[in-house]
Amino acid sequence: MEITVQEFKRCDMITVKGRVDSATAPQLAQALEAANEGGKYKLVIDMEGLEYMSSAGFRAMLAAQRNCRKYNRGEVVLASVPDRIREALELAGFTELFKTFDDTLTAVGHF
Amino acid sequence: MRTVQFTAKFEFLDEIREFVGEIARAGGFNDRDVYNIQLATDEAASNIIEHAYEEVSDGLLEISCGVKGSSIMIVLVDHGESFDPSDVPAPDLKADLSERKIGGLGIFLMRKLMDEVQYEAEPGKNRNTLTMTKRRG
Chain A
1 MEITVQEFKR CDMITVKGRV DSATAPQLAQ ALEAANEGGK YKLVIDMEGL EYMSSAGFRA
61 MLAAQRNCRK YNRGEVVLAS VPDRIREALE LAGFTELFKT FDDTLTAVGH F
Chain B
1 MRTVQFTAKF EFLDEIREFV GEIARAGGFN DRDVYNIQLA TDEAASNIIE HAYEEVSDGL
61 LEISCGVKGS SIMIVLVDHG ESFDPSDVPA PDLKADLSER KIGGLGIFLM RKLMDEVQYE
121 AEPGKNRNTL TMTKRRG
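Heads up: the sequence lines are chains A and B, in that order.
For the record, in the first sequence the residue sitting at position 34 is 34 according to this note's numbering, with numbers rising by one throughout.
For the record, in the second sequence the residue sitting at position 1 is 1 according to this note's numbering, with numbers rising by one throughout.
Next comes chain A alone, as it looks inside the complex:
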């Protein structure tokens, strides 16, 4: 798994590539926490290069969403979610907890 963070004027974009499972999810959780600790609560997770995500990754995103939405200070949105991952998110009832966008441009533009 590979994570890169890009700062935009109104939000930060966290690009996750590769595979997120119980072994690698802590790194994703850390990146999201680091953003929050830096006062960033408007976050786009770019999933275009994401090949796989287990419930360990879902849990990391849920914790981040809770923290970001607190006091209405922001939210986590998802961009370019691959089909297989979107299906698993839907099964887990997660698509109701996260706005999803077809590409990063519209996701960033949402903020």
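Because the hints were derived from the structure by calculation, they are not lab data.
Here the structure is a predicted model, which means the values were calculated and not measured.
Some hints could be false.
Under the rule of at most 27 Å between Cα atoms (straight-line distance), these lysine-lysine pairs were calculated in the BS3-like manner [said to hold, decoys possible]:
#	chain 1	residue 1	chain 2	residue 2
1	B	Lys68	A	Lys70
2	A	Lys42	B	Lys125
3	A	Lys99	B	Lys9
4	B	Lys101	B	Lys112
5	A	Lys99	A	Lys42
6	A	Lys9	A	Lys99
7	B	Lys112	A	Lys17
8	B	Lys125	B	Lys9
9	B	Lys9	A	Lys17
10	A	Lys99	B	Lys101
11	B	Lys112	A	Lys40
Quick list of simulated restraints, FRET-style, between CB atoms [claimed, not checked]:
#	chain 1	residue 1	chain 2	residue 2	range
12	B	Asn126	A	Lys9	57 to 65 Å
13	A	Phe8	B	Arg135	45 to 53 Å
14	A	Phe8	B	Val56	28 to 36 Å
15	B	Asn126	A	Glu37	39 to 47 Å
16	A	Lys70	B	Gly28	47 to 55 Å
17	A	Lys70	B	Gln118	40 to 48 Å
18	B	Pro89	A	Glu90	54 to 62 Å
19	A	Arg10	B	Ala95	25 to 33 Å
20	A	Arg10	B	Thr133	29 to 37 Å
21	B	Asp92	A	Asp83	21 to 29 Å
A virtual CB, placed ideally from N, CA and C, is assigned to each residue, including glycine.
Assemble chain B onto chain A, guided by the hints.
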């Protein structure tokens, strides 16, 4: 059935997914099914590593996998604490963000993605067996 033994550590999840993925692909399962079989196996293995072997750092996880007819069968055997997935309540998918439970999701996915999930604990033998099957197409 092919059987491989893994040390029960998260770092081997990649290999575990590869192992079942290869057999599923060779057995004629499509990409979508292969992904879901890998996801269900990952969730099952992650649960064993996290719960059955909570106090153990080098537990043994034995995984057998094979395709017979139009079904794939995956059997996970561990020698840790018994942990019956059917004891875990399904998460409330309608709960809003603040009430959403963080646990139980892996087991829920496992059940949804596979056609059958069976668990057998044999405390006398210190042996737990999780058997999952999925039919093609």
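Go ahead and decide if the range 21 to 29 Å is satisfied by the Cβ distance of aspartate 92 of chain B to aspartate 83 of chain A. 26 Å, holds
Taking 25 to 33 Å as the stated bounds, is the beta-carbon spacing between arginine 10 of chain A and alanine 95 of chain B within them? Check passed, 30 Å falls within 25 to 33 Å.
Is it true that lysine 70 of chain A and glycine 28 of chain B lie within 47 to 55 Å of each other by Cβ? 48 Å, holds
Pair hint outcome, lysine 9 of chain A versus lysine 99 of chain A [Cα-Cα no greater than 27 Å]: 20 Å, holds
The hint says 45 to 53 Å between phenylalanine 8 of chain A and arginine 135 of chain B; measuring C-beta to C-beta, is that right? 46 Å, holds
Between lysine 70 of chain A and glutamine 118 of chain B, does the C-beta distance stay in 40 to 48 Å? 41 Å, holds
Against the range 28 to 36 Å, how does the distance between the Cβ atoms of phenylalanine 8 of chain A and valine 56 of chain B compare: consistent or not? Violated: the Cβ-Cβ distance is about 45 Å, outside 28 to 36 Å.
Is the hinted pair lysine 42 of chain A and lysine 125 of chain B satisfied, with a Cα-Cα distance of at most 27 Å? With a Cα-Cα distance of about 52 Å, the restraint between lysine 42 of chain A and lysine 125 of chain B is violated, given a limit of 27 Å.
Please check whether arginine 10 of chain A and threonine 133 of chain B have a Cβ separation lying inside 29 to 37 Å. 49 Å, violated
Given a hinted range of 39 to 47 Å, is it respected by the beta-carbon distance of asparagine 126 of chain B and glutamate 37 of chain A? 44 Å, holds
Lysine 101 of chain B paired with lysine 112 of chain B [C-alpha distance capped at 27 Å]: Answer holds: lysine 101 of chain B to lysine 112 of chain B is near 18 Å, not above 27 Å.
Going straight from one Cα to the other, do lysine 99 of chain A and lysine 42 of chain A come out at no more than 27 Å? Since the Cα atoms of lysine 99 of chain A and lysine 42 of chain A sit roughly 12 Å apart, the hinted pair holds (cutoff 27 Å).
Hints 1, 2, 3, 11, 14, 18 and 20 from the earlier list are contradicted by this structure; the remaining hints agree with it.
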